[in-house]
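2 protein chains.
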Amino acid sequence: MKRRDFIKVTGLGAAGAATLAAPAIAQSMPEIKWRMPTSWPKSLDTLYGGAEMMCKLVAEATDNKFQIQIFAAGEIVPGLQVLDAVQNATCEIGHTASYYYFGKDPTFTFGSSVPFGPNMRINQAWYMLGGGREVLNEFYKSYNVISLLAGNTGCQMGGWFRKEVNTPDDLRGMKFRIGGFAGRVLQKLGVVPQQLAGGDIYPALEKGTIDGAEWVGPYDDEKLGFYKIAPHYYYPGWWEGGPMLLAFVNLDKWNALPKYYQSVLEQAGHYSNNWMMARYDQANPMALRKLLAGGAKLHAFSPPIMDASYKAAKELHSEVSATNPNFKKVYESLTKFSNDSYAWFQVAEVGYDIFMARHSQS
Amino acid sequence: MKRRDFIKVTGLGAAGAATLAAPAIAQSMPEIKWRMPTSWPKSLDTLYGGAEMMCKLVAEATDNKFQIQIFAAGEIVPGLQVLDAVQNATCEIGHTASYYYFGKDPTFTFGSSVPFGPNMRINQAWYMLGGGREVLNEFYKSYNVISLLAGNTGCQMGGWFRKEVNTPDDLRGMKFRIGGFAGRVLQKLGVVPQQLAGGDIYPALEKGTIDGAEWVGPYDDEKLGFYKIAPHYYYPGWWEGGPMLLAFVNLDKWNALPKYYQSVLEQAGHYSNNWMMARYDQANPMALRKLLAGGAKLHAFSPPIMDASYKAAKELHSEVSATNPNFKKVYESLTKFSNDSYAWFQVAEVGYDIFMARHSQS
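Line order of the protein sequences matches chains Y and D.
The first sequence runs 1 to 362 under our numbering.
The second sequence runs 1 to 362 under our numbering.
Just to be clear, a hint being listed does not mean it is correct.
Same chains, same label: a pair holds when it works inside one copy or across any pair of copies.
Distance condition first, Cα-Cα at most 20 Å in a straight line; then the derived PhoX-like pairs of lysine-lysine [said to hold, decoys possible]: (1) K328 - K311; (2) K253 - K33; (3) K259 - K65; (4) K336 - K290; (5) K228 - K175; (6) K314 - K297; (7) K104 - K290; (8) K188 - K207; (9) K33 - K175; (10) K141 - K336; (11) K228 - K141; (12) K228 - K290; (13) K228 - K163; (14) K42 - K311; (15) K290 - K207; (16) K188 - K175.
Hint data in this document are derived by calculation from the structure and do not stem from the laboratory.
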């Protein structure tokens, strides 16, 4: 070997020695690829869009080292089996609505919203600082998942009815498309709840197989065109006062992540949460205007219907609490926080909103 | 050179060659240290706490590679000169309220809240997706800073009065401690606005040098003890319907950051934003209860006072818009978005909140 070659090689060796210090840094950004099934068709671009945003933000914050591939409902996992796929580690993370799984345990309802639960801000404050996250994650632990805040729709609408409903009697015997735990409240009022996927609702309403249907709010509802055949549009959707969307992460996959990737995931969830809420707040007003121009008739649920529904919900919550300690624990945590919060929220916030709503028409 | 040595050196060289690919990774997490002056004393643990949370989250998400050191008001920069320190690159980032700088240009008010501006959710939706961020950052550009969403207090209170105020006449001649642009609205109603730092308010109220004072809301107000000497506590604080807190970043420092550190900063801001809002929503109810137990008397501003204030605010906004194109542009963007939003917000959200507030007492 010639001296020149030796120097060259040593040079490389020196570079090697210098970069040998690098692995500590290099390892600190491992390349990770995850898959995220969701419960959303791409057409629900606020819900699917929020999940997509979360994946995008995680990649952005890690210089594309941590990549999460998103899948629409049914692409790799059926829309209502996202939790199961994450639980059994088929996928590492999923974006869904917790209350879709209330059949496994009604406690799942709280990860979205419970009938007559609080509005978006109070629900979120409870989750973040009111002990909500802790009691929920303790419950989710037995399904081998952990939850991350990942979206909110704000208060939803009460749905579309072919005929006006004025009293609790008008609800009796009515076939109404509604998902989740809220159907059990409506059953107490004599409603026959129907579980139908989004695409099946319009034809069922058209044929008169069902008398009404709830979906989300103006922006999502407008796309499905219910106003053409069931024009009476009621509010508020008391079963979804401020529903959260959660991302579920498989607990073993979560624990195996470096701490800073856990932090990146959480922060991406918060940004996506705000993006989804803002997207609804931006898109709903225009959609509502379009619906009204198209013939939708806006009604508030009458006080007798609201009161009867509230009473039925409270009865159901008590019944379930009596036999399900998980439900009882989460319900008590949420209710205490929510009652305290509304005592303040009604002071400055609600009064100001009423004033501003009146003056925004001018 | 012996063959064994050669092999050894080549080995190192090979390692070197392998790790030569690493710099792209190693460089992708450069160590960065920034300083963040704030406008907050540590005792305002929601505002200061939100800023602190942002620094903590940035460090967490980057495995401590990107560190931001926080400073309370006055530690390295006076509380009301945070913008200036960031503008001239004395510090890279600052956490403050945009409207503190309305003396430079009243357009700064929109980065927090304008009198009779929208609530927290609508303000945030405007900033995120309604073009707010773009028009504000275009304005901030001439101050060599860019803004990041970093907090919200929710609707504030209208402040503490030594005597009841029932009509606009009762306001005339009153000396009232209030910060920012809102003082100019109150001037139109004959109020003499006073600029006083937090610590100077109590003695001024006690001596009767001032007749009233606004601060934030129950949690922050309770600490300063105003209820003992000016027990009439009015709502809503129409000058702060949903004020944002922004972090200002020096534009050159921002542009010099790797894209993924920019993304980390933004996401940390969103999480902190949610933390601050949740912290207020969690802490205000208990503080309000304490204040009422301590003798505070809660009053809504009367409709004549609200209407006169609204009229005065609209007049001022028109006057400023007529001579200040920056103000006009941002004001029109916000007002259009806010009017549209309230048309929807009042439907499901406000009705639901009224119902829930009434039923949360039971």
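Quiz item: Looking back at the numbered hints, which does the structure fail to meet, lowest number first?
Solution: 6, 7, 8, 9, 10, 11, 14, 15
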